[in-house]
Structures are given as C-alpha cells and as structure tokens.
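Enquirer: One-letter residues, chain by chain:
2 protein chains.
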Amino acid sequence: MPAVDKLLLEEALQDSPQTRSLLSVFEEDAGTLTDYTNQLLQAMQRVYGAQNEMCLATQQLSKQLLAYEKQNFALGKGDEEVISTLHYFSKVVDELNLLHTELAKQLADTMVLPIIQFREKDLTEVSTLKDLFGLASNEHDLSMAKYSRLPKKKENEKVKTEVGKEVAAARRKQHLSSLQYYCALNALQYRKQMAMMEPMIGFAHGQINFFKKGAEMFSKRMDSFLSSVADMVQR
Amino acid sequence: MPAVDKLLLEEALQDSPQTRSLLSVFEEDAGTLTDYTNQLLQAMQRVYGAQNEMCLATQQLSKQLLAYEKQNFALGKGDEEVISTLHYFSKVVDELNLLHTELAKQLADTMVLPIIQFREKDLTEVSTLKDLFGLASNEHDLSMAKYSRLPKKKENEKVKTEVGKEVAAARRKQHLSSLQYYCALNALQYRKQMAMMEPMIGFAHGQINFFKKGAEMFSKRMDSFLSSVADMVQR
Chain A
1 MPAVDKLLLE
11 EALQDSPQTR
21 SLLSVFEEDA
31 GTLTDYTNQL
41 LQAMQRVYGA
51 QNEMCLATQQ
61 LSKQLLAYEK
71 QNFALGKGDE
81 EVISTLHYFS
91 KVVDELNLLH
101 TELAKQLADT
111 MVLPIIQFRE
121 KDLTEVSTLK
131 DLFGLASNEH
141 DLSMAKYSRL
151 PKKKENEKVK
161 TEVGKEVAAA
171 RRKQHLSSLQ
181 YYCALNALQY
191 RKQMAMMEPM
201 IGFAHGQINF
211 FKKGAEMFSK
221 RMDSFLSSVA
231 DMVQR
Chain B
1 MPAVDKLLLE
11 EALQDSPQTR
21 SLLSVFEEDA
31 GTLTDYTNQL
41 LQAMQRVYGA
51 QNEMCLATQQ
61 LSKQLLAYEK
71 QNFALGKGDE
81 EVISTLHYFS
91 KVVDELNLLH
101 TELAKQLADT
111 MVLPIIQFRE
121 KDLTEVSTLK
131 DLFGLASNEH
141 DLSMAKYSRL
151 PKKKENEKVK
161 TEVGKEVAAA
171 RRKQHLSSLQ
181 YYCALNALQY
191 RKQMAMMEPM
201 IGFAHGQINF
211 FKKGAEMFSK
221 RMDSFLSSVA
231 DMVQR
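Residue numbers (our numbering), protein chains in the order written: chain A, 1 to 235; chain B, 1 to 235.
Hints listed in this document are in silico derivations from the structure and should not be mistaken for laboratory results. All of these numbers come straight from a predicted model, not from anything done at the bench. Heads up, a few of these hints could be off.
[What the hints assert, rightly or not] Here are the simulated SDA-like pairs of lysine to any residue, each with C-alpha atoms no more than 25 Å apart in a straight line:
no.	chain 1	residue 1	chain 2	residue 2
1	A	Lys213	A	Leu56
2	B	Lys63	A	Thr32
3	B	Lys212	A	Arg221
4	A	Lys70	B	Tyr36
5	A	Lys213	B	Tyr48
6	A	Lys70	B	Ala43
7	A	Lys173	A	Cys183
8	B	Lys63	B	Glu216
9	B	Lys130	B	Ala169
[What the hints assert, rightly or not] The following residues of chain A were derived to be distant from chain B, with all beta-carbon distances above 12 Å:
no.	residue
10	Glu120
11	Lys146
12	Asn156
13	Lys192
C-beta: ideal position from N, C-alpha, C; glycine also.
With the sequences and hints as input, model every part of the structure.
Expert: Encoded structure:
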C-alpha cells in the first residue's frame, strides 16, 4: 500500500511510468469503492423497502380494524365493546404508522439519498473522466505516432510543423483531462470516509428518534388500557 | 337483530320453522365472521411479513458494513477509522436486528397464531358441522319421503315397521348432529369477542416491549458516539 494521499497535479504533464503506476492504484481503489458502494446501497435500499412495507402494512391493518363495524353482523350482541376496542387499537396502529412513515422518510433522505448522490455524482464523475482521459491519451498517442512516421527530409518541414501543432494540441487536451481526472480521484479519496459513514449516521439518528417517540407513545396509558382489555376478555 | 344469545338445544329435536329461521341468522353471522377473519388475518400476516423482512434486511446491512474491511482497498489511508466506525455501526444494527427478531417472533406467536387457530379450529368446526348437519337432514328427509310413499295396505305392516325404524334412526342422527352444530355456533358467538381482540393485545404488547428495549438501547451512549463520528466526518 503506497504511503501517498493524492496524485500530484504537477506530475500530470510529464505523465511518467511512475505516475501512471500510481494512477492505476487510485483507479483500482475507485473500482473497489464502486463495487462496495453498490452492495451497500442495495443493503440500505432493502432496509428502506422493509420500512416502507411496514408503513403500508400498518395502514392496511388499521383500516381492517375499523372495518369490523361495517360488517353488519347478523348477531351484534356485545359488539359495541369489540367495536370500541378495535377503534382504539386502530388509533394505536395509526400512531405507529406515523412513526414508521417518519422513519421511512428519514431513511430515504439521510441514508439512501446521500449514498445515491455519492454514486451518481462522485463515482460517476470519476468514471466519466476516466473515459475522457482515455480518449485524450489515445488521440495524443496517435498524433505522436503520426509525427514519428514523418520522413526526415527537409522538404517536409511544413507538414512537420502542422503535425507538431497537432501533437501539442493533443498533449494540452490530454494534460487538461488528466488534471480533471486526478482531481476527481483525489476528491474521491477525500470523500470516501464521509460517504461511507454519513448514511449510517442518518440511519442511527432515524432509529433514535423512532424509539424515543415510540417509547413515549406506548407509555403507561397504554399499559392500563391493555390490562382493562385483558380483564374484559377474561370475563 | 334478534335479542338472543344462543340457539336453545331443547329446540333442536322439534326443528320448527322458527328454530330454522334463528339458525339461519347464526349461520349468516358465522359467514360474515369467517370473511372478516380471513381479511384480518391477511392484514396481520402482511405486518408480520414486513417485520420479518426487516429482520433479514438489517442482517444483510450488518454483514455489508463488516465487509468493508475485507475489500482490500488499494489505498488504505484513514481506513482504520472508517473500519472501526463501521464495525460499531454493524454492532448497533445487530442489536437492532435482535429487537426486530424478538418482535417478529412475538407477532407470530401472539398475533398471527391465535387468529389462525381461531380460523382452523372454531370456524372450520362450524363449517364441518354445518355440512354434517346438512347431510343428516337430507337423509332424514329422504327416509320421511320413503315412509309417506308407502301404500296404506295392511300387508305392508312389516315394511312400514322397517321404514319407521329407518326414520327414527335418521331423526336421531339429525338430532345429534344439530345438537353438535348448535353448540359450535353458540361457542363461536362466545369466542368471537376474544378472537377479535386477543391478536391485537399480542400486537400491542409486542410493540411496547420493542420500543421499551429500543429506547434503552439507543441511550445517551449512542448520542455521544454519533456526535463524535459527526465531528470526525466534519474534520
């Protein structure tokens, strides 16, 4: 593992084999990071999906509890008690649904979104600049080859000057694209730590908020209600 | 809505039109209850399914966080901090996964299981006894018809006695099956209230336990860890 932080921009113009070799290390690292980020995003989206499904499921349950009243049972004896208890439970499930909905939104905004942005912005940028750098390097190689194939005769001076200008332009282009590419690779190293931790900070904050509010909601009030319902059922 | 609690067993033998009419009310009620129970079970199974998926999703996320260490990043600078933070988050997700797993088990045992048992035992019993009662009534009707079609001549006395015995046996059988059927319908009315409320009591107890333990877990210890990670990220 080389003890370097970044690709030096002043090395870009010379484009030495050492610089190229260091570049390949940064590229390998970016490739590993892209793969890992995709897997992490998948795992996080699964958690978000489960959270979302919990919202929909609690919504359906609450509706189903209210629906008892509308069944028009042929025998309705004792139903008032059941109806009012199921109404209460429906309200509890609604409150729970609010908490789940809030958590789902938080997970979307503070866990899934940052890692999607990291992928779409930082990783995609590196990959685009890699392609552009590859194209510019190719062009530069081609114009260099063209120049070196020119006959050494004096009467070709004019053509040589033309091709020389082409080579210079290609080198400027390659230099510029390598500067951009190096910058993006350096920035990726800089962003890496934060990109990995930020979504989990969002996740943890969401969970803390969820449990805090949930514990407040299911307070002693709920306990006493449950024991009175349990008494009723035992009667 | 008739002001009755139950089908009187002493009316079963006479099998009057009034008793038959009351029986149909109980049957209609049982039909409505069966439909409603199936819908409620479906909604509860959806909640259980979402809870179960949350267990699997958090398990996958925890593994993915640990996997960062095994990526062999080409550039490992500053990774020790990321690795140890992701390890800590993985432990947090594991603890959360334990809570989710416990809740899923409680929902299975105290919400889904009771309502499945109500359906498989009480509702299925009523439906089976309804079929048996129908068969026995049919047999009784057939033997009655056979008896009434017998010629009135004196020489048929022996046949009449035979068929008379058949009728009596069919009536005993029908009477017995109606007694069982009435009992099951009465028991269903008795169980109805409890069967509707018991799963929701289980649900509420599970949630209370979940939030209580979750709030304890995400205590101040977690808050201070998060702010130190946030500081690190900002540096």
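Enquirer: With a cut-off of 25 Å on the C-alpha distance, tell me whether A:Lys70 and B:Tyr36 pass.
Expert: 10 Å, holds
Enquirer: Does the alpha-carbon distance linking A:Lys70 and B:Ala43 stay inside the 25 Å limit?
Expert: 17 Å, holds
Enquirer: Far enough from chain B: is every CB of that chain over 12 Å from the CB of A:Asn156?
Expert: Given a closest Cβ separation of 46 Å, the condition holds.
Enquirer: Are A:Lys173 and A:Cys183 close enough, with their CA atoms no more than 25 Å apart?
Expert: 15 Å, holds
Enquirer: In terms of Cβ atoms, is chain B entirely out of 12 Å range of A:Glu120?
Expert: 20 Å, holds
Enquirer: For B:Lys63 and A:Thr32, compute the direct alpha-carbon distance and say whether it is at most 25 Å.
Expert: 17 Å, holds
Enquirer: So is A:Lys192 really clear of chain B, every C-beta pair being over 12 Å apart?
Expert: 8 Å, violated
Enquirer: Grab the minimum beta-carbon distance between A:Lys146 and chain B and tell me whether it stays above 12 Å.
Expert: Non-interface label stands for A:Lys146: nearest chain B Cβ at 35 Å, farther than 12 Å.
Enquirer: With a cut-off of 25 Å on the C-alpha distance, tell me whether A:Lys213 and A:Leu56 pass.
Expert: 20 Å, holds
Enquirer: Quick one, are B:Lys63 and B:Glu216 close enough, alpha carbons at most 25 Å?
Expert: Judged against 25 Å, a Cα distance of about 24 Å means the pair holds.
Enquirer: Does A:Lys213 pair with B:Tyr48 here, judged by a C-alpha cut-off of 25 Å?
Expert: Distance of about 22 Å is within 25 Å: holds.
Enquirer: Given the hint that B:Lys212 pairs with A:Arg221, test it: the Cα-Cα distance must not exceed 25 Å.
Expert: 14 Å, holds
In summary, the one numbered hint that this structure violates is 13.
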